[in-house]
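Under this note's numbering, the sequence shown has 14 at position 16, and the numbering climbs by one with no breaks.
Note that these hints are calculated values from the structure, not bench results. Some clues are possibly wrong.
Below, in silico cross-link-like pairs of lysine-lysine (DSSO-like), each with a Cα-Cα straight-line distance of 30 Å or less [as the list claims (entries may be wrong)]:
(1) Lys18 <-> Lys108
(2) Lys12 <-> Lys45
(3) Lys79 <-> Lys108
(4) Lys18 <-> Lys109
(5) Lys12 <-> Lys79
(6) Lys18 <-> Lys79
(7) Lys18 <-> Lys36
(8) Lys109 <-> Lys79
(9) Lys18 <-> Lys45
(10) Lys79 <-> Lys45
(11) Lys108 <-> Lys12
(12) Lys36 <-> Lys108
(13) Lys109 <-> Lys36
(14) Lys79 <-> Lys36
(15) Lys45 <-> Lys108
(16) Lys45 <-> Lys109
(17) Lys12 <-> Lys109
Everything numeric in this text was worked out from a predicted model, so none of it was measured.
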Amino acid sequence: MNIAETPPTERRRKALQAIKELGRQRSDHAVLRVRCPKSHTVAAVYKTEEGPVVVCGVGPGGHGSRDREANNRGNDSLDDKFIDTVEATQFEDDELPAGCGCGPRTLSRKKLQAAVAGHEHIVTLT
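Input sequences plus hints: build the corresponding full structure.
This is the structure we're talking about:
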């Protein structure tokens, strides 16, 4: 995908499709995981045909076994995730929305790119 010529909405649609094509075992394709200081998963970067794609959680996780069915947690749904390519145009914000049980966060595209290029597997936020 040519990032410079692809509109952001189309880029995100292609990123979502690339993640769906990885299937239910997409964790096998993860090249980077981002965790908060309490070890909650905040985001993951996957190797796809469209290039590195980041999948960010955008809210708190489940609070026990009783709420899993009601709020669609505990399955492989991408409905409550922010999904985009790690690379973006120079005119877009560097920050990506993310979150975990500790609350909302933002991630830097440039830092994610550097971590992937540096072959880091886990990044812990401070």
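Next item on the list: Could you grab the alpha-carbon distance between Lys79 and Lys45 and see if it respects the 30 Å cut-off?
Entry: holds, 17 Å
Checklist line | Satisfaction of hint between Lys109 and Lys12, Cα-Cα up to 30 Å | finding: Given that 30 Å is the threshold and the Cα spacing comes to 22 Å, the pair holds.
Check: Straight-line Cα separation of Lys18 and Lys109 no greater than 30 Å?
Finding: Distance ~25 Å between Lys18 and Lys109 Cα, so the pair holds.
Margin query: For a C-alpha distance cap of 30 Å, please report whether Lys18 and Lys36 respect it.
Written below: holds, 28 Å
Notebook entry, point to check: Holds or violated: Lys79 with Lys36, Cα cutoff 30 Å?
Noted result: holds, 20 Å
Next item on the list: Starting from Lys18, check that the Cα of Lys79 is at most 30 Å away, please.
Entry: Status holds; Cα separation ~12 Å.
Notebook entry, point to check: Regarding the pair Lys109 and Lys36, is the alpha-carbon distance no greater than 30 Å?
Noted result: With a Cα-Cα distance of about 20 Å, the restraint between Lys109 and Lys36 holds, given a limit of 30 Å.
Item checked: Pair hint outcome, Lys36 versus Lys108 [Cα-Cα no greater than 30 Å] -> holds, 23 Å
Margin query: For Lys18 and Lys45, compute the direct alpha-carbon distance and say whether it is at most 30 Å.
Written below: Satisfied, since the Cα-Cα distance of roughly 12 Å is no more than 30 Å.
Item checked: Restraint check for Lys18 with Lys108, where alpha carbons must lie at most 30 Å apart -> holds, 24 Å
Note to self: For Lys45 and Lys108, compute the direct alpha-carbon distance and say whether it is at most 30 Å.
What the structure shows: holds, 17 Å
Next item on the list: Assess, step by step, whether the Cα of Lys108 is no farther than 30 Å from the Cα of Lys12, and give holds or violated.
Entry: holds, 20 Å
Hint compliance for this structure: no hint is broken.
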